[in-house]
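Protein chains in written order, with the numbering used here: chain A, 1 to 268; chain B, 1 to 268.
Honestly, the hints are just simulated from the structure, not real lab data. Just so it is clear, CB atoms sit at the ideal spot from N, CA and C, and this is done for glycine as well. There could be a bad hint or two in this list.
[Stated by the list, open to error] Per label pair, the in silico range of CB-to-CB distance:
1. A/His157 / B/Glu210: 26 to 34 Å
2. B/Glu81 / A/Lys132: 53 to 61 Å
3. B/Gly171 / A/Glu165: 31 to 39 Å
Protein chains: 2
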Amino acid sequence: MDRVYVHGYDTRENRRLRDQANTLVELLHSDTSYRAGSRVLEAGCGVGAQTVTLAGNSPNATFTSIDISEDSIADAKKAVEFAGLSNVQFLQADIFDLNFEPESFDHVFVCHVLEHLSRPDKALAILKRLIKVGGTITVIEGDHGSTYFYPDSEPAHTAIQCLVELQKRAGGNALIGRELYPLLRKAGFNSIHVSPRMVYVDSSKRDLVEGFTKNTFTAMIEGIRDTAIKAGMVDQIVFDKGIQDLYRTTEADGVFCYSFFKAFAAKS
Amino acid sequence: MDRVYVHGYDTRENRRLRDQANTLVELLHSDTSYRAGSRVLEAGCGVGAQTVTLAGNSPNATFTSIDISEDSIADAKKAVEFAGLSNVQFLQADIFDLNFEPESFDHVFVCHVLEHLSRPDKALAILKRLIKVGGTITVIEGDHGSTYFYPDSEPAHTAIQCLVELQKRAGGNALIGRELYPLLRKAGFNSIHVSPRMVYVDSSKRDLVEGFTKNTFTAMIEGIRDTAIKAGMVDQIVFDKGIQDLYRTTEADGVFCYSFFKAFAAKS
């Protein structure tokens, strides 16, 4: 289930995921670390973009990082080895078909994964069973509907909407960030605390202009160009103008805004 | 100029402005205080919703708070007297027709004002002339285009868009928050630093559910109902459904997001 990964698996996409991770590490991950001896399940590690930070921040916890894609696991393994970390064990596995005993983990960590699943509620229920009583879950997701910018541009919103629609057709939800609170509530978690992590970019923030607006967000939208046009979702001229207008927001007087959401909840 | 205040001046509106100020004081104002002896111009004080916080946080600075509306000034005076503050002088005046000498102030403070002006760039240029070299300006504005929520609702977006459109027709710009960086840049300020102040509301945040989503934001949209319907902008049924859906976001599984922007810049 959910095997169509909307962003694809090519090399540029992998570089995009690493750029994103580097730029956003502080914003998204600086407040996540686990106690010595903790057993942590990272569900959906992808190419290891977050794994390196996660395991590096908690050198005395042990991580089991799973992903549905064998190729991504191979990349993630390399990234973790390159970082000199030895506290991560990798496993190719489907979140919806796991072989762990109930209450096998102290903590579960899920980042940029639920957006791609047709049953995020079911995934959370499955993951909850794997957490010990008193344990926690951390979930991080973006929300493409949180995107706005200056100068404003209708074609840019149209191009973004193509990704939202493609993700929907693949069974996912690109607007899931805002929904973390109700999803965790529905799954029966307690002490749910959600905090928005807004990325605000103007030209005084050179690293974010390059690392986020251009190389993460706009590259992601550009990545679905041919698929969206082929699917008849958008006129080629409109899409290309949308991309041009997204780059326009990276000029001296431009501004770009996007929000991630980070949720923390307990199993009691 | 800009004499049509889109929100009106009635008592419910005044209460709304005070509720908003109380709930958001920490988020918007906790990092603003001025040194003893500073002379500060508050341009557009309205009913004094911010003035009380501003003057209270800097008891040894002196404030000159101006507004175009004599009635608002009267309310602001009462609010400041009620708070027992004596460091504020009020003056009815138009930002575009001021009688102060150049470089009369150490600092200028502008909050929820530029959104109502047809020439915010000109207003900033005028205000800049009043600041001493080495002085600063602080600007706070909302951005209605930053509004999103769960459950999502097309009618709710339509109702919000009516306010954006009404404000535009009155010469203002309800999407100005994202634009503070370019506006201050254009006015020739230096060391511009903009920080977003996102209000994230889920049902675990009771004070914000009441104080912000219901009594501030939704009340503001409800306040333009008759005007928007009379102007033929929206069908009555759609508008009312939009309001209903905004209230729906305040239920146990609802989420509401809105962003203000706070800018700080220097005159060098």
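Right, here's what the structure says about each hint:
1. A hinted range of 26 to 34 Å for the beta carbons of histidine 157 of chain A and glutamate 210 of chain B is consistent with their spacing of about 32 Å.
2. The given range of 53 to 61 Å is respected by glutamate 81 of chain B and lysine 132 of chain A, whose C-beta atoms sit roughly 58 Å from each other.
3. Distance hint for glycine 171 of chain B and glutamate 165 of chain A: a CB-CB separation of about 36 Å, consistent with the stated range 31 to 39 Å.
Every hint from the earlier list agrees with this structure, and none is contradicted.
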